[in-house]
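Q: Listed below, chain by chain, are the residues.
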Amino acid sequence: MRRLCIWATALLAAGAMLSASAAAATDPAPGLSATVDRAQISTQLGRSFEFRSTITNSGPNAASGLVAHLSVLSVREEPYVDPEDWSPQRVVFLDPIAAGGSRTLRWRMTAVDAGAFGVYVTVLSKDRSAAPAPNTPTIALRVSQRRTLNSGGILPLAIAVPALLGALAIMLRLRRRG
Amino acid sequence: MSVHAGARERGGQPGWVVVLEQELRELWVAGRGLVLCFALSILLSALAYLAATNQALNFLEQRESVNLVVQVGMIVGALLALLAAADAISGERERGTLESLLVAPVSRRQLAGAKLLAALSLWLAAYVILVPYAWFLARDLGIVGTALVASFVVGTLLACFLASFGLLVSLFASSNRVSLSVSLFALLALFAPTQLPGGARQGWFADLLLHVNPVTSGERFVNRVIISGSGWGQEFGWLVSPLVAAALFGAGAVVLASRLRLGGGGAG
Numbered sequence: 001m002r003r004l005c006i007w008a009t010a011l012l013a014a015g016a017m018l019s020a021s022a023a024a025a026t027d028p029a030p031g032l033s034a035t036v037d038r039a040q041i042s043t044q045l046g047r048s049f050e051f052r053s054t055i056t057n058s059g060p061n062a063a064s065g066l067v068a069h070l071s072v073l074s075v076r077e078e079p080y081v082d083p084e085d086w087s088p089q090r091v092v093f094l095d096p097i098a099a100g101g102s103r104t105l106r107w108r109m110t111a112v113d114a115g116a117f118g119v120y121v122t123v124l125s126k127d128r129s130a131a132p133a134p135n136t137p138t139i140a141l142r143v144s145q146r147r148t149l150n151s152g153g154i155l156p157l158a159i160a161v162p163a164l165l166g167a168l169a170i171m172l173r174l175r176r177r178g
Numbered sequence: 179m180s181v182h183a184g185a186r187e188r189g190g191q192p193g194w195v196v197v198l199e200q201e202l203r204e205l206w207v208a209g210r211g212l213v214l215c216f217a218l219s220i221l222l223s224a225l226a227y228l229a230a231t232n233q234a235l236n237f238l239e240q241r242e243s244v245n246l247v248v249q250v251g252m253i254v255g256a257l258l259a260l261l262a263a264a265d266a267i268s269g270e271r272e273r274g275t276l277e278s279l280l281v282a283p284v285s286r287r288q289l290a291g292a293k294l295l296a297a298l299s300l301w302l303a304a305y306v307i308l309v310p311y312a313w314f315l316a317r318d319l320g321i322v323g324t325a326l327v328a329s330f331v332v333g334t335l336l337a338c339f340l341a342s343f344g345l346l347v348s349l350f351a352s353s354n355r356v357s358l359s360v361s362l363f364a365l366l367a368l369f370a371p372t373q374l375p376g377g378a379r380q381g382w383f384a385d386l387l388l389h390v391n392p393v394t395s396g397e398r399f400v401n402r403v404i405i406s407g408s409g410w411g412q413e414f415g416w417l418v419s420p421l422v423a424a425a426l427f428g429a430g431a432v433v434l435a436s437r438l439r440l441g442g443g444g445a446g
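Chains as they are written, first to last, in my numbering: chain D, 1 to 178; chain X, 179 to 446.
These are computed hints drawn from the structure, not numbers from a lab.
Hints are not guaranteed to be accurate.
Here are a few chain X residues that face chain D, going by a calculated C-beta distance under 8 Å [what the hints assert, rightly or not]:
#1 Tyr227
#2 Leu319
#3 Val322
#4 Leu326
#5 Phe330
Derived Cβ-Cβ restraints for the label pairs, each shown as a range [what the hints assert, rightly or not]:
#6 D/Arg108 with X/Gln191: 54 to 60 Å
#7 X/Ala384 with D/Pro96: 53 to 59 Å
#8 X/Ala429 with D/Arg38: 52 to 58 Å
#9 X/Ala384 with D/Gln89: 16 to 22 Å
#10 X/Gln373 with D/Ser102: 43 to 49 Å
#11 X/Pro375 with D/Ala140: 33 to 39 Å
#12 X/Gln373 with D/Arg47: 31 to 37 Å
#13 D/Ser64 with X/Phe414: 34 to 40 Å
#14 X/Gly323 with D/Gln145: 36 to 42 Å
Some chain D residues flagged as far from chain X (calculated, every beta-carbon gap over 12 Å) [stated by the list, open to error]:
#15 Pro60
#16 Thr122
#17 Thr138
Glycine included, C-beta positions come from ideal geometry on N, C-alpha and C.
Next comes chain D alone, as it looks inside the complex (with noise of 0.2 Å):
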């Protein structure tokens, strides 16, 4: 699976990479922009969080065959990020939007690693594929470590148990022996 990640983190990449160079030769998918509504999000290692991007179609014609994919990534090395801990939900198919229409999509994640994150919207277009995708400009994500996982104590736990066990089993074999 993580594996699987890597591969398609790096194909998103190589997408956006190769959308980025495009868009300085052509123009950004004609009419339609994507937009989010909050710049940043402030939350502790393990919360839930929610915020909505909107994606408008100015142009002239209806906007179909559209795609909206959330991405995250880590602005430093560590941690690694696999997107699919961060929301389960992160690939949805559009509905038409008329022209001059737009359409609101609430995106709900959990903070599963502390640290400082990046979050986006990509919207892709199933028809014009060739075309540059429009992305929401990107939501500056902190998360605060908290303390999940106290390690201390799990060595004596983890040795009293089965001592525990194994001492009342040898007493009571010596016990019917006797």
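Dock chain X against chain D, hints included.
A: Here is chain X on its own, set in the frame of chain D:
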């Protein structure tokens, strides 16, 4: 096991209570139950130590670790109950002690019920052993109650189902070897779908199979409640199969116990 002829009247207790007491004494005082629990505790200690000392786990993976430890405790507890039940009648038959048991003033249904309860005591003991490990790993994640209640409910249902199945096989098996082999094979067959890759579990047919199989269904329920934090009402559909299987097989084992015969196979 030896149940003397006056068992029914002893202390005014019903016959099945006398049989149960005797079974529990043999299981726990003779040491077999404690040795099995000791082995389980070593397994849980190793898993809990690995999970608790791994600093690379993220929050979700920590919940997965709790889920893993809870499921291992749950499944091994149910397995112990299955093995004890699979040995309950065919073991007596093979050791030549079934005849004296059948002439005791206790009905065959009561006999089977008492043996079933004695086998289930192994699951209860396994659960008690699981509690400190689950508490330790889940306390800072805030899911101690969820993990303990979900594992108790699902584990009890699975243990009832598997132990009843083992007892049914044991009632009619001609030898202990047959009884244990059939029970273990069935257990493996029921567990096999839990190892299928995610892609193979999609589609209506796979979904149906996962829902119908009490083991995969129970496993999925605990997964969803512990890892995804889903509500019980939301995931109740996954509890139906373990509930139905426990009730059907439990009732079946007690009802069909009246056909218990000395030679096995349902005939004289």
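Q: Work down the list of hints and note, for each, if the structure agrees.
A: So, going through the hints one by one against the coordinates:
1. Tyr227: Interface hint status for X/Tyr227: holds (5 Å vs cutoff 8 Å).
2. Leu319: Hint holds; X/Leu319 Cβ to chain D Cβ min 6 Å, cut 8 Å.
3. Val322: violated, 13 Å
4. Leu326: violated, 16 Å
5. Phe330: violated, 18 Å
6. D/Arg108 with X/Gln191: 54 to 60 Å: holds, 57 Å
7. X/Ala384 with D/Pro96: 53 to 59 Å: This hint is violated: roughly 32 Å between Cβ atoms.
8. X/Ala429 with D/Arg38: 52 to 58 Å: Since X/Ala429 and D/Arg38 have Cβ atoms about 57 Å apart, the given range 52 to 58 Å holds.
9. X/Ala384 with D/Gln89: 16 to 22 Å: holds, 20 Å
10. X/Gln373 with D/Ser102: 43 to 49 Å: Given a distance of about 45 Å, which is inside 43 to 49 Å, the answer is holds.
11. X/Pro375 with D/Ala140: 33 to 39 Å: holds, 36 Å
12. X/Gln373 with D/Arg47: 31 to 37 Å: holds, 33 Å
13. D/Ser64 with X/Phe414: 34 to 40 Å: Since the Cβ atoms of D/Ser64 and X/Phe414 sit about 38 Å apart, the hinted range of 34 to 40 Å holds.
14. X/Gly323 with D/Gln145: 36 to 42 Å: Cβ of X/Gly323 to Cβ of D/Gln145: about 24 Å, so the range 36 to 42 Å is violated.
15. Pro60: holds, 40 Å
16. Thr122: With a cut-off of 12 Å, D/Thr122 remains clear of chain X, as the shortest Cβ separation is near 23 Å.
17. Thr138: With a cut-off of 12 Å, D/Thr138 remains clear of chain X, as the shortest Cβ separation is near 21 Å.
Comparing the model with each earlier hint shows violations of hints 3, 4, 5, 7 and 14; every other hint is respected.
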